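There are 2 protein chains.
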Amino acid sequence: MQAIRWHPPAYDIRVETVPIPEIQDPDDAIVKVKLAALCGSDLHIYRGHGGVDKVHTCGHEFIGEVVSLGSNYGANVQGRPKLYSSLKVGDKVVSPFTVNCGECHVCRLGYTGRCPSGALFGSPALDGGQAQYVRVPKAGGTLFNLSNPDTWPTTLSEQEKQKGLTAIADSSLLMLADILPTGVFAATQALNHPKLQPMLTGRPWPLCFSPEVNPEAQNEPGLTLEDRVLTVAVIGLGPVGICATVSLLDELVTRKLPFRVVAIDLLEKRREKMKAVYDAIDKSGKGNGEFAVLATDEAKDLVNKWTGGIGCTAVLEVVGHPSALTSAYDLVRAFGVVVSVGVHGAPVVPYTGRQLYNKNVSFDFGRCPARAMFPPAFELLVKRQDVFGKVGDPASLVDRVVSFKEAPESYRAFDKGEVGKVIFNPWE
Amino acid sequence: MQAIRWHPPAYDIRVETVPIPEIQDPDDAIVKVKLAALCGSDLHIYRGHGGVDKVHTCGHEFIGEVVSLGSNYGANVQGRPKLYSSLKVGDKVVSPFTVNCGECHVCRLGYTGRCPSGALFGSPALDGGQAQYVRVPKAGGTLFNLSNPDTWPTTLSEQEKQKGLTAIADSSLLMLADILPTGVFAATQALNHPKLQPMLTGRPWPLCFSPEVNPEAQNEPGLTLEDRVLTVAVIGLGPVGICATVSLLDELVTRKLPFRVVAIDLLEKRREKMKAVYDAIDKSGKGNGEFAVLATDEAKDLVNKWTGGIGCTAVLEVVGHPSALTSAYDLVRAFGVVVSVGVHGAPVVPYTGRQLYNKNVSFDFGRCPARAMFPPAFELLVKRQDVFGKVGDPASLVDRVVSFKEAPESYRAFDKGEVGKVIFNPWE
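Protein sequence lines correspond, in order, to chains A and B.
300 is the number that UniProt numbering gives to position 300 of the first sequence; each next residue is one higher, with no gaps.
292 is the number that UniProt numbering gives to position 292 of the second sequence; each next residue is one higher, with no gaps.
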């Protein structure tokens, strides 16, 4: 089969003929890849920053069809994730960017991104999805079955399930592999953080955690409507940042929360994409909050104007660079929260202990537990798939679909920022 | 009057005669100080690390009696904190370590420790409580009235209110100024953090935030009882660390949560104090969890044994030094939370972005909003006041009560770690 392979030390992408992967373990599935995407985090290895020296097949975002299953799949497998009983050859599946067993302590908690049996697709540990076929270990815990609505979120209506089966473009379903759940993860962490609970409950900290207590009787001041406005900045409008913004807005509007959101990027091209996505959100999805797309300095001015110099309730950092962490600190209010889903490298984080103490800042760092986030991400996609449009539309997060032979040039252009998100069709 | 005064550049404490403070603003109260304590964070200025060069009266922990009120206090003050209507000359009061107005946006949210009109007692901005009298600005928002049960938490029973009025030693009530609310703040932040919700709700992340969804129907694995055990480390067993541990244990036991808690300090003297406090907790307050007091390396071994190498669900960092932050990182599990209430200085925090990304760590830094934490801290004190015993008891957090003339020597000995917490009686 054909596969896109990385060669050390850096910037060396080749399309090569390699053996079709086979079942190695009874929990494995082999997936015939329909589409595979190039992701910003692929660039770490591409540039030689990953400390990697092993040739391997790239890519951790793919969608495809099950062509082979290990011997642990069957009619009624007891005590294991239900996909071991229900997954069938021919099912259309999407995989999160990491393998997870779905049955260990870590997975049971929902922290699937750190499963001890896990591995990142497209790394020296596990060949990736930029190939005609890919082996998925622990597939019964890892995959999401796009063909079987019985395994989908129970909150979807029959009509929505029908839409999920037929109406969503593969290029949009592919967003489930990484960028959409990571965006939902960022928004979810912020909105469930204790620091936001006074705004969400209308009760002062710490009474927001004691619903049985009447704040009035405790001689506590009441919150005004203005006190309850959530001011949120999203830093970085690559595909994940745009997904985080859409997820955040969807949640704020659905829960009828008052808000002001500013989406920030240095690059005009990315800001234009964010604006096009926002324009594609229908009226009911926009609510009555304020929304702006700006470069960093203008965003800081706007947040100061919005909040009288107090700052953002929450900042979503979706860049993965110390400068973005510095901007996040500058933008966040005292007693605010910074959620960082950017993939960070070796530099020490740019904060002194005194800065963090003095501003009472909270941080949530780290990788999305993508498999655990699939249900809300899939629900969001079913609800808002129109937003992202078709490949090539102004709002589409995918710039183009190309064949494997364009892989080396696509990596180069993507690395240079000359193109946005690229999808490979392994069969063209 | 007599006051304990700091002189630049460092290590220069003098007892001086200064004018009795007077009402300067209609919101002021003058408090006759009954007891004032020496706190670990006083040492920052004492040592000359505070960037301070102004002579001032020390101390941010005091308890006393109102002797004078500004003209804004009266029978029925509308639209302001209720203490403006109810506070009377002669009332016994305790103050948080910072002033807060109790009526601005920040205070309405409960984030009183960062009130824009706030100031730290015992700093160049505001003379402190280590004096015979102290001026309390914005006293209607700042003080807690120990004489008036009508202003206390409504969750206290009549019997508990009686106990609160009569049975608690002044040396224990003085803990409300800083160390007890700060301890409660640390435990509250950890237990309300989204990362702990799978353990608390028995539902995987992110379904723990959607009580309306049946995880079983979503094909999610169920959590085992073992998955739900909270493993918590408290680093630093000074008075605040001990209060944090007591607050944590009280909450875990009251809510019938399964737990393993390890309290950590390098100094045997502090570990002995922690053990004595734990011994003083009655049987019903200990629950069925496991509890240990250890030095850092032994604690790491125990956590590894307890969790099979996974680490702590939460770590409370109550030291304020980079080495404690490093230990916290080592101890915490992937998808765990570190709550840092230690007062940190100028060094950069000792983490790389990659470390934080790779472990999905959350952090909550900063100063306790002490006034907002008074209700739960006072409830805890009423419930558990026996634990801390009388001054000089093995479990007492106060080592000794001394007169002002012993102040210079007390600062010296406290700075050298030769004595534990010292209280001053300004009238002896």
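Because the hints were derived from the structure by calculation, they are not lab data.
Fair warning: there could be bad hints in the mix.
Copies of the same chain are indistinguishable here, so a pair counts whether it falls within one copy or spans any two.
[What the hints assert, rightly or not] The list that follows gives simulated cross-link-like pairs (lysine to aspartate or glutamate, DMTMM-like), each with its CA atoms no further than 20 Å apart:
id : residue 1 : residue 2
1  : 283       : 91
2  : 161       : 103
3  : 286       : 216
4  : 300       : 428
5  : 286       : 297
6  : 359       : 409
7  : 163       : 418
8  : 256       : 212
9  : 286       : 301
10 : 256       : 428
11 : 300       : 282
12 : 405       : 65
13 : 383       : 212
Just so you know, these numbers come straight off a predicted model, no measurement behind them.
The hints, checked one at a time:
Neither within a single protomer nor between protomers do residue 283 and residue 91 lie at most 20 Å apart by alpha-carbon distance, with minima of 36 Å and 57 Å respectively. When the C-alpha separation of residue 161 and residue 103 is checked against a cutoff of 20 Å, the pair qualifies neither within a copy, at 26 Å, nor between copies, at 49 Å. Proximity of residue 286 to residue 216 under the C-alpha cut-off of 20 Å is found in neither arrangement, the shortest distances being 34 Å within a copy and 33 Å between copies. Proximity of residue 300 and residue 428 under a CA criterion of 20 Å is satisfied in neither setting, with 46 Å inside one chain copy and 55 Å between copies.
Proximity of residue 286 and residue 297 under a CA criterion of 20 Å is satisfied in neither setting, with 25 Å inside one chain copy and 53 Å between copies. Within a single copy, residue 359 and residue 409 get their C-alpha atoms no closer than 46 Å, and across copies no closer than 34 Å, so neither meets the 20 Å cut-off. In this homomeric assembly, residue 163 and residue 418 never come within 20 Å of each other (Cα to Cα): the closest approach is 34 Å inside a single copy and 72 Å across copies. In this assembly of identical chains, the alpha carbons of residue 256 and residue 212 lie at most 20 Å apart only when taken from different copies (18 Å versus 23 Å within one copy).
Taking CA atoms no more than 20 Å apart as the test, residue 286 paired with residue 301 passes in neither setting, with 23 Å inside one copy and 52 Å between copies. Taking the closest pair of Cα atoms, residue 256 and residue 428 never come within 20 Å of each other, the shortest separation being 46 Å inside a single copy and 60 Å across copies. Neither within a single protomer nor between protomers do residue 300 and residue 282 lie at most 20 Å apart by alpha-carbon distance, with minima of 28 Å and 53 Å respectively. Within a single copy, residue 405 and residue 65 get their C-alpha atoms no closer than 22 Å, and across copies no closer than 83 Å, so neither meets the 20 Å cut-off.
When the C-alpha separation of residue 383 and residue 212 is checked against a cutoff of 20 Å, the pair qualifies only between copies, where the shortest distance is 19 Å, while the shortest distance within a copy is 35 Å.
Hints 1, 2, 3, 4, 5, 6, 7, 9, 10, 11, 12, counting from the list given before, are not met by this structure.
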